[in-house]
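I would like the entire structure built from these sequences, with the hints used as guidance.
Residue-level listing of the chains:
There are 2 protein chains.
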Amino acid sequence: MRWKKISDAVVRRLPLYLRVLEEVSRDEDRKLMSSQELGERAGVSPALVRKDLAWFGEFGKQGVGYEVSYLRDELRRILNLDEKIRVALVGVGSLGQALTRYNKNRTEQDRSFNIEIVALFDNDPSKFGKTIEGIAIRPVSELAQVVKELGVQMAIVTVPADQAQVVVDAVVQAGIRAILNFAPTKLVVPEGVHVASADLSLELQRLAYYLDD
Amino acid sequence: MRWKKISDAVVRRLPLYLRVLEEVSRDEDRKLMSSQELGERAGVSPALVRKDLAWFGEFGKQGVGYEVSYLRDELRRILNLDEKIRVALVGVGSLGQALTRYNKNRTEQDRSFNIEIVALFDNDPSKFGKTIEGIAIRPVSELAQVVKELGVQMAIVTVPADQAQVVVDAVVQAGIRAILNFAPTKLVVPEGVHVASADLSLELQRLAYYLDD
Chain A
0 MRWKKISDAV
10 VRRLPLYLRV
20 LEEVSRDEDR
30 KLMSSQELGE
40 RAGVSPALVR
50 KDLAWFGEFG
60 KQGVGYEVSY
70 LRDELRRILN
80 LDEKIRVALV
90 GVGSLGQALT
100 RYNKNRTEQD
110 RSFNIEIVAL
120 FDNDPSKFGK
130 TIEGIAIRPV
140 SELAQVVKEL
150 GVQMAIVTVP
160 ADQAQVVVDA
170 VVQAGIRAIL
180 NFAPTKLVVP
190 EGVHVASADL
200 SLELQRLAYY
210 LDD
Chain B
0 MRWKKISDAV
10 VRRLPLYLRV
20 LEEVSRDEDR
30 KLMSSQELGE
40 RAGVSPALVR
50 KDLAWFGEFG
60 KQGVGYEVSY
70 LRDELRRILN
80 LDEKIRVALV
90 GVGSLGQALT
100 RYNKNRTEQD
110 RSFNIEIVAL
120 FDNDPSKFGK
130 TIEGIAIRPV
140 SELAQVVKEL
150 GVQMAIVTVP
160 ADQAQVVVDA
170 VVQAGIRAIL
180 NFAPTKLVVP
190 EGVHVASADL
200 SLELQRLAYY
210 LDD
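The listed protein sequences correspond, in order, to chains A and B.
With numbering that gives the first Met the number 0, the residue at position 52 of the first sequence is 51, and numbering never jumps.
With numbering that gives the first Met the number 0, the residue at position 51 of the second sequence is 50, and numbering never jumps.
Worth flagging that the hints you see were computed from the coordinates, not collected in a lab.
Do not rely on the hints blindly, as some may be mistaken.
With a straight-line Cα cutoff of 25 Å, these simulated SDA-like cross-link-like pairs (lysine to any residue) come out [as the list claims (entries may be wrong)]:
#, chain 1, residue 1, chain 2, residue 2
1, B, Lys-4, A, Lys-103
2, A, Lys-185, B, Val-192
3, A, Lys-103, A, Gln-61
4, A, Lys-50, B, Ala-173
5, B, Lys-147, B, Val-192
Pulled from the structure, derived: some chain A residues nowhere near chain B, Cβ distances all over 10 Å [what the hints assert, rightly or not]:
#, residue
6, Val-23
7, Tyr-69
8, Leu-80
9, Val-117
10, Pro-124
11, Glu-202
In this text, a Cβ means the ideal position worked out from N, Cα and C, and glycines have one as well.
Spelled out as structure tokens, the structure:
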């Protein structure tokens with residue numbers, strides 16, 4: 000609530016900072032880090048690091064730097080990662096399955112990665128009851144009920160483009176307000192619902208621009 | 000060359016415009032489109048549409064709008080999508096396989112999607128010679144040779160984080176200058192090489208920020 004006006008560009012960089020701080024506190028037992036070094040390792044200018052973090056409080060001391068474990072914990076809190084976030088994935092095709100495995104590995108390798116796929120949905124009856132990484136595939140019609148039961152807060156959508164809007168409507172209807180969308184289409188959602196696009200085709204097309212440099 | 004100074008934020012939006020124009024020219028046989036409508040369908044303000052496109056030329060006519068097929072073709076040319084771009088994927092785990100299938104579907108469903116995975120690489124000998132969607136998996140040691148033979152210009156990297164930098168060094172060494180990286184780690188590349196991050200963990204963490212709105 001407090002930070003409503005903070006731009007998405009700032010929010011986008013917070014996980015980069017968090018990753019550096021987690022690496023450093025895990026691998027190097029470091030106590031302090033300068034904005035210079037944090038910036039270098041996150042791929043962001045030191046001035047921007049200081050500006051971004053200043054939105055959320057006074058974390059650094061001039062000439063001393065940031066306390067690594069304190070800033071890490073604060074960033075985890077700001078990003079709501081201090082408690083486990085439960086995720087539903089809708090569309091258990093090959094991409095959906097790969098993401099489920101990927102997430103399983105990620106959460107096993109890193110206990111502090113608190114974002115976990117806990118429910119899978121599809122509309123193909125031949126998949127119902129099968130499991131991926133121990134998670135049963137259920138019909139989309141059970142979405143609202145399961146979201147409530149399991150306390151799901153986030154959804155990953157990996158359905159074909161022509162089904163994405165219908166699925167997202169159901170996801171929003173079920174009370175989910177943060178969606179990672181892999182379908183190559185623009186989605187319409189009510190205010191207060193956040194959609195991040197992981198449209199790989201768009202990323203590839205953007206990269207192509209740089210080929211004739 | 001001509002457009003060196005154009006910011007990545009502008010480049011990022013070009014594929015969004017292209018997608019709208021392709022949908023419209025395919026499904027609706029439309030001749031003209033206003034910046035208002037193009038913006039609405041791409042999720043960008045009309046003023047920003049006009050500003051973005053003005054970097055590349057005078058495409059629209061005041062009060063008339065953009066010629067759909069002309070602007071579509073120009074955007075394809077600007078994004079280097081008027082000729083086929085060949086892609087190598089390194090790291091044929093479950094995510095790599097899913098992306099290969101996804102790309103195959105995409106290129107089959109849309110003939111104008113000119114970005115095609117043509118070579119697969121891994122470092123696990125038990126995978127060598129196996130095929131995914133008809134594409135043989137080869138050892139990473141053959142990367143440079145295959146890139147040259149097949150005219151590969153782009154790479155998708157889906158290896159674990161601790162192998163990503165070594166793989167990317169080999170990719171760059173082979174002459175590739177555009178990389179889509181799925182490994183959850185920052186990569187160091189020489190100037191002139193572009194890396195787009197498709198780090199799903201970062202996207203999920205960013206979305207988590209909005210959960211307590």
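Consistency of the hints with the structure:
{"no.": "1", "hint": "Lys-4/B x Lys-103/A", "verdict": "41 Å, violated"}
{"no.": "2", "hint": "Lys-185/A x Val-192/B", "verdict": "29 Å, violated"}
{"no.": "3", "hint": "Lys-103/A x Gln-61/A", "verdict": "40 Å, violated"}
{"no.": "4", "hint": "Lys-50/A x Ala-173/B", "verdict": "38 Å, violated"}
{"no.": "5", "hint": "Lys-147/B x Val-192/B", "verdict": "17 Å, holds"}
{"no.": "6", "hint": "Val-23", "verdict": "13 Å, holds"}
{"no.": "7", "hint": "Tyr-69", "verdict": "19 Å, holds"}
{"no.": "8", "hint": "Leu-80", "verdict": "6 Å, violated"}
{"no.": "9", "hint": "Val-117", "verdict": "13 Å, holds"}
{"no.": "10", "hint": "Pro-124", "verdict": "22 Å, holds"}
{"no.": "11", "hint": "Glu-202", "verdict": "5 Å, violated"}
Comparing the model with each numbered hint stated earlier shows that hints 1, 2, 3, 4, 8 and 11 do not hold.
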